[in-house]
Amino acid sequence: MSTDPLLRLEDVAVHFENEAGLLTDESEVVQAVDGLSLSIEENDVVSLVGESGCGKTTLGKTAIGLQRPTAGRVTYRGHDIWSVRDGESDADLSWQEIRQSLQIIHQDPGSSLNPNRRILSILSEPLRQVNPELGTSERRERIYSLLERVGMSPAQDFADRYPHQLSGGEQQRVVLSRALLMNPDVILADEAISALDVSLRVEMMDLMLELQAVFDTSYIFISHDLSNARYFTQHGDGKIGVMYLGQLAEVGPAEQLIEDPQHPYTSVLRWATPDLAAVDTPPQELPMRKIDVPDPIDPPSGCRFHTRCPEAREHCRQTDPKPVPAEESSVRCFRAQSTSPYWDSEPLEEND
Amino acid sequence: MSISSDVLNEPQDRDAIIRMDDVSVTYDSGDSYVLDDVSLAIERNEIIGIVGESGSGKSMLASSLLDAVPDPGQLSGSVEYRPVQDQNVEVLALEDSELRALRWEEISMVFQGAMSSFNPTMKIKEHFIETLEAHNAPVETGLNRAHELLEDLYLKPGRVLGSYPHELSGGMQQRALIALSLVLEPDVLVMDEPTAALDLLMQQSILLLLRELREKYDLTMVFITHDLPLVASLADRLAVMYAFELVELGPASEVINTPTHPYTRALLNATPNLNAPLSEMRPVKGKSPAPINVPSGCSYHPRCPLDTEECRTNHPPADPVTPEHTAACFHWEEARTEISLNYAETGTNDGDWR
Ligand code: SF4
Ligand code: SF4
Numbered sequence: 001m002s003t004d005p006l007l008r009l010e011d012v013a014v015h016f017e018n019e020a021g022l023l024t025d026e027s028e029v030v031q032a033v034d035g036l037s038l039s040i041e042e043n044d045v046v047s048l049v050g051e052s053g054c055g056k057t058t059l060g061k062t063a064i065g066l067q068r069p070t071a072g073r074v075t076y077r078g079h080d081i082w083s084v085r086d087g088e089s090d091a092d093l094s095w096q097e098i099r100q101s102l103q104i105i106h107q108d109p110g111s112s113l114n115p116n117r118r119i120l121s122i123l124s125e126p127l128r129q130v131n132p133e134l135g136t137s138e139r140r141e142r143i144y145s146l147l148e149r150v151g152m153s154p155a156q157d158f159a160d161r162y163p164h165q166l167s168g169g170e171q172q173r174v175v176l177s178r179a180l181l182m183n184p185d186v187i188l189a190d191e192a193i194s195a196l197d198v199s200l201r202v203e204m205m206d207l208m209l210e211l212q213a214v215f216d217t218s219y220i221f222i223s224h225d226l227s228n229a230r231y232f233t234q235h236g237d238g239k240i241g242v243m244y245l246g247q248l249a250e251v252g253p254a255e256q257l258i259e260d261p262q263h264p265y266t267s268v269l270r271w272a273t274p275d276l277a278a279v280d281t282p283p284q285e286l287p288m289r290k291i292d293v294p295d296p297i298d299p300p301s302g303c304r305f306h307t308r309c310p311e312a313r314e315h316c317r318q319t320d321p322k323p324v325p326a327e328e329s330s331v332r333c334f335r336a337q338s339t340s341p342y343w344d345s346e347p348l349e350e351n352d
Numbered sequence: 001m002s003i004s005s006d007v008l009n010e011p012q013d014r015d016a017i018i019r020m021d022d023v024s025v026t027y028d029s030g031d032s033y034v035l036d037d038v039s040l041a042i043e044r045n046e047i048i049g050i051v052g053e054s055g056s057g058k059s060m061l062a063s064s065l066l067d068a069v070p071d072p073g074q075l076s077g078s079v080e081y082r083p084v085q086d087q088n089v090e091v092l093a094l095e096d097s098e099l100r101a102l103r104w105e106e107i108s109m110v111f112q113g114a115m116s117s118f119n120p121t122m123k124i125k126e127h128f129i130e131t132l133e134a135h136n137a138p139v140e141t142g143l144n145r146a147h148e149l150l151e152d153l154y155l156k157p158g159r160v161l162g163s164y165p166h167e168l169s170g171g172m173q174q175r176a177l178i179a180l181s182l183v184l185e186p187d188v189l190v191m192d193e194p195t196a197a198l199d200l201l202m203q204q205s206i207l208l209l210l211r212e213l214r215e216k217y218d219l220t221m222v223f224i225t226h227d228l229p230l231v232a233s234l235a236d237r238l239a240v241m242y243a244f245e246l247v248e249l250g251p252a253s254e255v256i257n258t259p260t261h262p263y264t265r266a267l268l269n270a271t272p273n274l275n276a277p278l279s280e281m282r283p284v285k286g287k288s289p290a291p292i293n294v295p296s297g298c299s300y301h302p303r304c305p306l307d308t309e310e311c312r313t314n315h316p317p318a319d320p321v322t323p324e325h326t327a328a329c330f331h332w333e334e335a336r337t338e339i340s341l342n343y344a345e346t347g348t349n350d351g352d353w354r
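The listed protein sequences correspond, in order, to chains A and B.
Counted from 1, the first sequence has number 98 at position 98 by the working numbering; the numbering is strictly sequential.
Counted from 1, the second sequence has number 291 at position 291 by the working numbering; the numbering is strictly sequential.
I should point out that these hints are in silico values taken from the structure, not numbers from a laboratory.
Check each hint, because a few of them may be wrong.
[Claimed, not checked] Calculated lysine-lysine pairs in the DSS-like style (CA-CA distance at most 25 Å, straight line):
#1 Lys125/B / Lys290/A
#2 Lys125/B / Lys216/B
#3 Lys156/B / Lys216/B
#4 Lys290/A / Lys216/B
#5 Lys156/B / Lys290/A
[As the list claims (entries may be wrong)] Stretches of chain B that chain A covers, calculated by requiring three or more beta carbons in the stretch to come under 8 Å of a beta carbon on chain A:
#6 170-181
#7 201-212
#8 220-228
Note that the structure is a prediction, hence the values are computed from the model and not measured.
Beta carbons are placed, not taken as given, at the ideal position from N, Cα and C, and that holds for glycine.
Go ahead and model the full structure; you've got the sequences and the hints to work with.
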């Protein structure tokens with residue numbers, strides 16, 4: 001067997017072309033993901049956190065082959081997935097097999113379930129694809145037992161319902177079950193718990209992690225909420241990647257990243273995470289120089305965070321801090337580099 | 001606006017700006033309650049967080065404040081608005097035209113998802129002008145105020161006013177909507193999940209700005225959300241709803257540091273946070289009831305680890321825990337010892353409210 005990771009992204013970039021339209025006369029290029037590398041192992045959990053528009057969804061979709069990168073490579077067990085797709089690979093593996101082993105669940109489960117079909121029929125489909133030899137009654141048995149397993153019992157009753165007869169949490173369980181029935185190696189959970197009430201999130205995360213062990217799968221877990229990412233990642237013994245404007249600002253094991261953030265942006269996300277123990281000392285001041293994210297069409301020079309970073313200095317405006325990998329982590333900030341000219345450079349003024 | 005007013009004489013009353021008394025909302029000719037006998041005094045200049053899960057009745061509470069319950073809901077009880085201390089307007093008795101005036105000029109509302117509140121074919125500026133004109137307010141003065149409000153919300157007024165809604169990010173739209181809701185100088189701002197569609201960093205940033213707006217414009221704010229940890233640090237007081245009722249009410253720091261109702265304690269334990277040991281976060285067992293079959297007695301009893309015969313038959317009234325803090329539970333004292341919390345609890349001593 002090879003030592004290739006399950007999935008590897010090598011220096012991946014995704015640039016979208018915005019068509020020239022009503023409001024702009026020139027077409028613009030959005031740099032959704034820019035030169036990013038990341039690996040996902042078997043039974044791994046990798047969480048991606050960051051603001052809306054930081055590129056985490058694009059990165060996730062690129063990792064599972066739903067988005068073609070404009071540069072770089074995505075490999076699955078050592079094989080470039082887009083070469084397989086284009087028929088240019090000598091791998092003993094089809095595009096269909098790759099797509100089948102890389103599944104996604106979305107934030108809004110309702111929209112990914114066919115409203116006109118009962119749950120039984122929705123869940124039969126993946127089974128028919130993966131296990132065509134199963135008979136009808138066997139298929140039904142498997143679906144019932146999975147429904148029981150995800151807490152939807154009596155299974156027979158739930159199997160007969162239509163999606164709109166389920167709560168949001170139940171719909172999400174169906175979507176998760178459908179993904180698991182494909183026997184995937186990786187499930188991309190894109191804000192999969194964000195639409196659920198706060199009180200239901202732990203339960204859903206627990207379920208996903210329990211089933212990880214049963215189905216032998218890895219997760220890419222996308223969230224804008226660091227406390228959810230912490231819960232999920234730490235239970236799954238994985239790592240968290242903090243994204244900013246299409247790049248990874250910091251990657252590390254969950255606890256280390258949260259307890260001892262190295263990148264100023266990670267600290268900002270920490271600030272934004274409600275802390276019940278600190279109810280008497282509410283956050284006082286915005287820990288950034290600006291509220292809004294810069295436009296990804298024209299990302300800032302140097303360090304992309306320099307327009308908002310509370311620690312930014314002149315050097316950050318001119319030079320891009322390359323990621324510095326350590327044992328299990330990586331940080332893209334001059335402050336993690338003790339000999340950087342950053343330390344001798346002048347702080348940036350308010351509006352730079 | 002002109003609203004008829006009565007002089008009210010209730011010396012023991014705190015300075016409430018809105019008082020709800022025994023407010024209920026029913027459907028199906030009274031068979032199903034979506035708001036059950038809620039009494040709540042919203043104090044002048046406070047920020048009160050109304051917290052509940054989906055389907056707990058929290059949005060219905062917001063709608064009843066402005067007599068805006070969707071048809072065919074039946075609203076009963078009394079909602080008094082007190083623009084100044086000794087003036088008293090019974091909201092549920094207002095004519096339609098008076099109600100329209102009240103809704104923007106006195107009590108303003110912001111809902112989740114600015115996209116659906118803005119007309120996509122109109123620039124932001126036109127929304128301000130339309131609102132000002134509809135209320136016969138001078139447009140120029142109003143636009144000056146809009147400029148100031150947008151700046152207060154860290155937006156570039158020129159750019160935002162000249163944009164169509166879709167040209168702004170979600171966070172900018174939601175802030176523009178808050179500015180719009182304040183352009184007629186209301187006293188009260190009612191917000192229903194105003195930040196739920198945004199990422200956490202933008203949510204916290206908006207919360208910070210709301211605090212500043214409250215100071216600057218002497219506002220009273222009602223913040224309705226399912227997200228207890230989020231609103232906990234913003235609100236002065238928290239009201240927790242379960243199954244269409246208020247189950248706990250008190251200063252935010254007491255409700256978080258010494259939560260009392262078994263449901264509040266379970267809810268807090270179910271909340272992922274950055275510090276609690278992971279092994280001690282656990283979901284709230286069971287499901288919230290639907291409006292048609294709310295359990296008898298205490299509606300939480302089927303899920304409550306402390307329920308007794310009394311809970312199953314009698315309805316627990318709001319019991320004072322401290323002078324400022326109430327919990328609708330027969331056994332709240334036991335709850336504090338029997339249901340442990342996953343984060344540091346302080347001052348568990350009953351009556352220790354400092
Ligand atoms: S490199 Fe400079 S601007 Fe970038 S995060 Fe570090 S200190 Fe801030
Ligand atoms: S009244 Fe009884 S059932 Fe209701 S919350 Fe209190 S202990 Fe539990």
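A quick look at each hint next to the structure:
1. Lys125/B / Lys290/A: holds, 23 Å
2. Lys125/B / Lys216/B: holds, 23 Å
3. Lys156/B / Lys216/B: holds, 19 Å
4. Lys290/A / Lys216/B: Between Lys290/A and Lys216/B the Cα gap is close to 21 Å, so the pair holds against 25 Å.
5. Lys156/B / Lys290/A: Within the cut-off at roughly 12 Å; holds.
6. 170-181: holds (count 3)
7. 201-212: holds (count 8)
8. 220-228: holds (count 3)
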